[in-house]
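Engineer: Residue numbers (the working numbering): 1 to 198.
The hints are simulated quantities; they were obtained by calculation from the structure and are not laboratory data.
It is possible that part of the hints are untrue.
List of simulated lysine-lysine pairs, PhoX-like, C-alpha gap at most 20 Å [as the list claims (entries may be wrong)]:
1. Lys32 x Lys13
2. Lys13 x Lys54
3. Lys32 x Lys54
4. Lys100 x Lys54
5. Lys63 x Lys100
Label pairs and their computed distance ranges (CB to CB) [what the hints assert, rightly or not]:
6. Met166 x Asp97: 20 to 28 Å
7. Lys13 x Gln66: 19 to 27 Å
8. Arg158 x Ala103: 36 to 44 Å
9. Glu138 x Asp75: 20 to 28 Å
10. Asp35 x Glu138: 46 to 54 Å
11. Glu107 x Met141: 19 to 27 Å
12. Arg42 x Val145: 38 to 46 Å
13. Ala184 x Pro119: 41 to 49 Å
14. Glu152 x Asp35: 29 to 37 Å
15. Asp183 x Pro122: 17 to 25 Å
16. Gln7 x Arg134: 23 to 31 Å
17. Glu107 x Asp4: 31 to 39 Å
18. His20 x Val145: 33 to 41 Å
19. Glu149 x Asp35: 25 to 33 Å
The beta carbon of each residue, even a glycine, is placed where N, CA and C say it ideally should be.
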Amino acid sequence: MAADYAQMVAELKAFFDFSHKVVILVGAGAGKFIDACRGAERLIAIDQDAEVLKEFEQTLRSKGMQDGASVICSDFLDVTSRGDVVYFEFCLHEMEDPLKALAHARELAPEVLIFDHLPDSPWTYYTNEEEKVRRSTEVMMSCGVRRHEVHEGAQRFRNHAELQAMLASGGPVSMERIARFRDASDLVIPMRYGLAVL
Numbered sequence: 001m002a003a004d005y006a007q008m009v010a011e012l013k014a015f016f017d018f019s020h021k022v023v024i025l026v027g028a029g030a031g032k033f034i035d036a037c038r039g040a041e042r043l044i045a046i047d048q049d050a051e052v053l054k055e056f057e058q059t060l061r062s063k064g065m066q067d068g069a070s071v072i073c074s075d076f077l078d079v080t081s082r083g084d085v086v087y088f089e090f091c092l093h094e095m096e097d098p099l100k101a102l103a104h105a106r107e108l109a110p111e112v113l114i115f116d117h118l119p120d121s122p123w124t125y126y127t128n129e130e131e132k133v134r135r136s137t138e139v140m141m142s143c144g145v146r147r148h149e150v151h152e153g154a155q156r157f158r159n160h161a162e163l164q165a166m167l168a169s170g171g172p173v174s175m176e177r178i179a180r181f182r183d184a185s186d187l188v189i190p191m192r193y194g195l196a197v198l
C-alpha cells in the first residue's frame, strides 16, 4: 500500500459530511476514498478513463454502494449533471485549466470540495508535478476558499522497483529523481495534501 488511505478517508469524513447530498465525484479513479461518500443520497462518478471506471464500479459493488450511484466516462467540462457538491478527488492539478473547471463546478452545484496535493511536498517533486500543483493551488485559493485544512502523510514503498512502477507515468524526470532510492528499501516519502471547500 502506497498511501494510508484509511487515514485519508477519516480526514475527508471529518472535514466534509456527504450525508443526504447528491455528489458529483470528479476523478473517480478506482474508488480508493469511496467510503467517505457512504450516506450520500446519490453519487455521480466522473472519469475520462473507461477502464478505471470499471474498477470503480467493482469497488462500489464490493462495498454494497452501487444503489444510487452512476458513472459517466467524460471530460468534466462536458458534464451537465447537477448536484449539491462537486468533489474533485486528487485531480484538480491534472486539469488543463483549473480555473475553468472550478467555474464549471460552480454552475453544477452550490458547494465545491477539493481534495488534492499541495505545493512544497516531496511527493510532488518525485512525481514531477510541482508546477501543476502550484498552479492549481493558486487558482483554488483565488476562488473564495471558505474552509481549508492541510495534512501531512506519506507514500510508502518496499523498494525502488515498487516506487518506479508507481511513477512510470512521470516520465524520465521522475525516473531520474527517484534514482537516489535505487538501493534503498522501506521507502517513506512525505506527502503534503489538503482539503478545501469553496
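Engineer: Against which earlier hints does the structure fall short, listed by number upward?
Structural biologist: 2, 4, 5, 10, 12, 13, 14, 18 and 19
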